[in-house]
Amino acid sequence: MKKLVVIGAGMASGRVLEHLFESAPDAYEVTLFNAENRGNYNRIMLSPVLSGEKSYEEIVTHDEAWYAANKVTCRFGEHVVGIDRARKVVIGQNGEVPFDKLLIATGSAPFIIPVQGKDLPGVVSYRDLDDTEAMIEAAGTRDAKAVVIGGGLLGLEAAAGLRLRGMDVTVLHLMGHLMERQLDEAAGYLLKRDLEKRGIRVITRASTAAILGEERVEGVLLEDSTGLKADLVVMAVGIRPEARLATDAGLETGRAIVVDAQMVTSDPDILAVGECVEFDGNLFGLVAPLYDQAKVAAATLLGEPSAFVMRETATKLKVTGCDLFSAGDFAEKDGREDIVYRDPGRGIYKRLVLEGEKLVGAVMYGDTADGGWFHGLIKDQTDISEMRETLIFGPAYQGGAALDPMAAVAALPADAEICGCNGVCKGRIVEAIEGGAHSLDDVRAVTKASGSCGTCTGLVEQVLAVTLGDAFELPTAKPVCGCTDLTHEDVRRLIKAQELKSQPAVWQELGWKTPNGCHVCRPAVNFYLLADWPLEYQDDPQSRFVNERNHANIQKDGTYSVMPRMWGGMTNPEELIAIAEAAKKYGATVKVTGGQRIDLLGVKKEDLPAIWADLNGAGMVSGHAYSKGLRTVKTCVGSDWCRFGTQDSTGLGIKLEKRLWGSWTPHKVKLAVSGCPRNCAEATCKDVGVVCVDSGYQVGVGGAAGMDVKETERLVDVATEEEAIEWTVAFVQLYRENAKYLDRPYKWIAKVGLDWVKEVLSDPAERAALVGRFDISQSVYQKDPWAERARPEAARRFLPLADLTLEAAE
Amino acid sequence: MDQAVGADVRPFIQVSEVWVPEGDRLVLAGGCYGGLDAFEASSRHESFAKGEGLPGKAWDEARPVVLKGFEGSYFKRTEAASAAGLTSAVAIPVFAGAKLKAVLVVLCGDDANRTGAIEVWQEKDGLLMLDDGYYGAAKHFEWVSQHTHFPRGQGLPGGVWASETPMLMRDLGSGYRFIRSESAGRAGLTTGLGLPVPAPLKGTYVLTLLSARGTPIARRFEIWDARDAKVGKENEAVLIDGICARDGKLWDEDNTRRVAAWQGVIGRVLGTGVPVVESGSPGLTAGYDSVVAFPIHRGGELAHVVAWYI
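Residue numbers (this note's numbering), protein chains in the order written: chain A, 1 to 810; chain B, 811 to 1120.
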């Protein structure tokens, strides 16, 4: 009988042996080495063992009896120290074993991030039963805290298991969303929400700086200086193929042991399978291809023809109650199309990625029933053109004609649920309509249907249309863009009502039809989120127009203009010299603007950080001449110099500008303060214009002097400068919180009515609250973008990590 | 895990019965009385209005109810129960949305000699607290449980609450660190089944059945997933977890067991949405004397079926 030696008793080699003993039980005499002191068990089921939902006995694949029945000589708990290819022996710690054929299945080792403290007791990886038992032991301490580094499959399963065991768990993930290799941002958002529902804290974009502790682990320090207490740190950032034995034996290795399609290494008598191999440049981490390899390796050992081929694999997460599925490639590329289905009420997200007539990727969360079917379509490269319209609904819907939405609504039975949030069925809505509710608002008032998340609004309107016939006219409110049926106003309302604090939350909870929005909706949603949740939401530069991304105004020849802020239009000789020198140095054209600023035109993009640094050096900050935010406050010389001046208009202008600069608004905002009714600063055609009079200050709002020309309307007359500032700030904040993106104040006021604005602002408590919220926002956003980007090393460091699936908003 | 199945098993739960609404009353749809014939006979003549007796109270309050001690209580069959040695009962209503489908009543007795736990956990101020429970002789464990609370995601009750999914925990009292493990180990508790109990009126409830080796609640547990999100539009269910004293693990990642509506006991639950108690036909009950198959509805639809066999 020929001698087969196997190094590693993992799932891949276990499957090789099963095939071998099934086909030719007497072909080989087998010796099996395993560094772990046990045989083959189902390693991917370790997470339920960790959580207590399975026992170790249940996940044992081959027990003692199995090895005995197949006459396998087991050398468990013994490390292999070398392979002597010339003598054809494997050298174990306890002696040599000769082989005719050798199978290397050494698997992989966890990747440990090289940070200070990584070797402290209490820092564990998560690969085998010993690790699992160490984690269970750690969870036995009352109120113990765990930090899991890595938000991939393994890390999240560890986190869920430790949480079930009673630990206080935080997951740190370097990337912007969880499981970024298997999930898109939308599914990652749902997963995060699901885990948070279990009491697990998830921190994304978290880079570990050090693991802290003296005798044993006590905490984790992040790059941003956040400190987290920890009694246990689980490193689950990835795996590295374990190929050292092969390398030492002189076998060909790359990132792992190189094998051909027969699983044979560079030595014809040595085979390798599992996570330790590299085939055609690919490494392996999921079990399905390992089992394919095992089948091929067994055939090769028996001299039968067989070849390993790569195939698409699907991902599942073993956390009870989390249903996710991912297969294929779902990155956005030219020529690809998405079909997206969302059901916010049930937390369902499905996305199919099509390339031509083929399905190339699928991501599903919350409803994975059709995952297997989609996986089949991807693997088989099926032509899906015939079923494109109904593909997302799965196999149950195939073969029928495309649905006419109205016919589908008409065909719904009375007990079909229309509004998932409030549990309102079609029959109840029809009853309400028959009882006299003939508009969406009426139906909403009577039944609550569409009153919560609002995504069934279209459906309720269709029920109205079906029930009332031509007596109901479907409204023509304009949606934000093709990604949604909701209007800007709806989106703003729902962001507040549902406390949506991230873009993925908006896409999912409001049922966006596209994965990440588009160049129309993203800037708007980005603004709404940062205006409503300044502390929680992180501004997304990729959702901004090019000028805002580059912090400069692009000109028709591709160069940029640079404009420093001059508070209230005041400057001094030092600033003017610095501006003049910068203009000379960078070859800029100099223009005095209508807003009392000096504009430097024709600056090349690559010179921007340098000119900003020069101007910063002279004490000047960005004038935000490009932003949807405060632009300029224009003033006249006021009572200091002018014979007619009634108040210090320049001083007020400077105070207003220093208070308001840096704030983002729905559209640009221009202010002016005139010192007397002669109005030299042209305050009566600004978004906010203050005209000083003997008795105080007249604050006007909603002026315009562009495509439309419009005089301001009087908001209030106040006696003191402090009141003028308070009213102005409160007005700007009210505008920020309520206006549609890209509506200037005059357009917004036309929609809501000046009376409403006055009514809100005339309540002192409301005014104070608005000012308070504005100041909170300014604590985050009032910063000079030049200063952050002027230093080259900082410019590199602060460069946002580009998500290449996002198309920049232009 | 027990390997041998003794014929003389003394089950923790002695009677299981299913009451279903008929008109404005609950009537008996089926039950397993473990040879307590007189109690069975008295039950067959009984029916309950809303608010009447234990089943009626669970219906009226739309929440699980634990009743320890029948004498002088609202329990209607006190005399027959006392004669049968039954001392405590738990009633669990089954609601699909706002509609009552059935009430499952389990009765226990012989308190000094039987150990196990049937617990009802209720959410209060963001934590699950013990609403009430029946523990038989496990008095220390009862005390520990009364002084334990579970945040979301922690322990069997917290895990069920957070995942809205029934869960089956192994080896509660052995080397593993189940939150109440030390006391559970002393009480001999081995396997725990937790399930969400939807309450249409108000509140969040989780029911846990903790089974001990000597006087088990069950020797075989199964959890079936029947959600559209898992099985599609067909009225089917897949076995997602299970463990059996005779057959070992019942789950198999590679060959998932699947049943359709009306196929066997689980299929009957799928078809009707009502619990099934079956006994006296070992062919139908995996070789055991009896089975309780219990539906869990979510959002008005059948989501899971759990079954326990003894």
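Since the hints were derived computationally from the structure, they do not count as laboratory data. Incorrect hints may have been included.
What the hints assert, rightly or not - Keeping only pairs whose Cα atoms sit at most 30 angstroms apart, straight-line, the calculated DSBU-like set for lysine-lysine is: (1) B/K878 to A/K197; (2) A/K513 to A/K318; (3) A/K358 to B/K1040; (4) A/K501 to B/K934; (5) B/K1043 to A/K358; (6) A/K513 to B/K1040; (7) B/K886 to A/K197; (8) B/K1043 to A/K229; (9) B/K1040 to A/K316; (10) B/K1059 to A/K783; (11) A/K496 to B/K934; (12) B/K934 to A/K295; (13) B/K1059 to A/K448; (14) A/K710 to A/K668; (15) B/K860 to A/K197.
Tested hints:
Between B/K878 and A/K197, the direct Cα distance comes to roughly 34 angstroms. Violation of the 30 angstroms bound is thereby established for this hinted pair. Distance hint between A/K513 and A/K318 is fulfilled; the C-alpha atoms sit about 28 angstroms from each other, no more than 30 angstroms. As the CA atoms of A/K358 and B/K1040 are separated by approximately 25 angstroms, the hinted pair is consistent with the 30 angstroms bound. Using a Cα cut-off of 30 angstroms, the hinted pair A/K501 and B/K934 holds, with the two alpha carbons roughly 27 angstroms apart.
For the proposed pair B/K1043 and A/K358, the alpha carbon gap of about 25 angstroms is at most 30 angstroms, so the pair holds. Taking the CA atoms of A/K513 and B/K1040, the gap is near 23 angstroms; set against the 30 angstroms cutoff, the hint holds. Restraint check for B/K886 and A/K197: the C-alpha separation of about 42 angstroms exceeds 30 angstroms, so the hint is violated. For a cut-off of 30 angstroms, the pair hint linking B/K1043 to A/K229 is broken: about 47 angstroms separates their Cα positions.
A threshold of 30 angstroms between alpha carbons decides the hint, and for B/K1040 with A/K316 the separation of about 13 angstroms falls inside it, so the pair holds. Between B/K1059 and A/K783, the direct Cα distance comes to roughly 61 angstroms. Violation of the 30 angstroms bound is thereby established for this hinted pair. A distance of roughly 27 angstroms separates the Cα atoms of A/K496 and B/K934; the hinted pair therefore holds under the 30 angstroms criterion. For the suggested pair B/K934 and A/K295, the alpha carbons sit about 54 angstroms apart, so the restraint of at most 30 angstroms is broken.
Our distance criterion of 30 angstroms between C-alpha atoms is broken by B/K1059 and A/K448, whose separation comes to about 47 angstroms. Restraint check: the Cα-Cα separation between A/K710 and A/K668 comes to about 16 angstroms, which is no more than 30 angstroms; the hinted pair holds. Distance check on the hinted pair: B/K860 and A/K197 sit about 35 angstroms apart at the alpha-carbon level, beyond 30 angstroms; violated.
Against the hints set out earlier in the document, violations occur for numbers 1, 7, 8, 10, 12, 13, 15.
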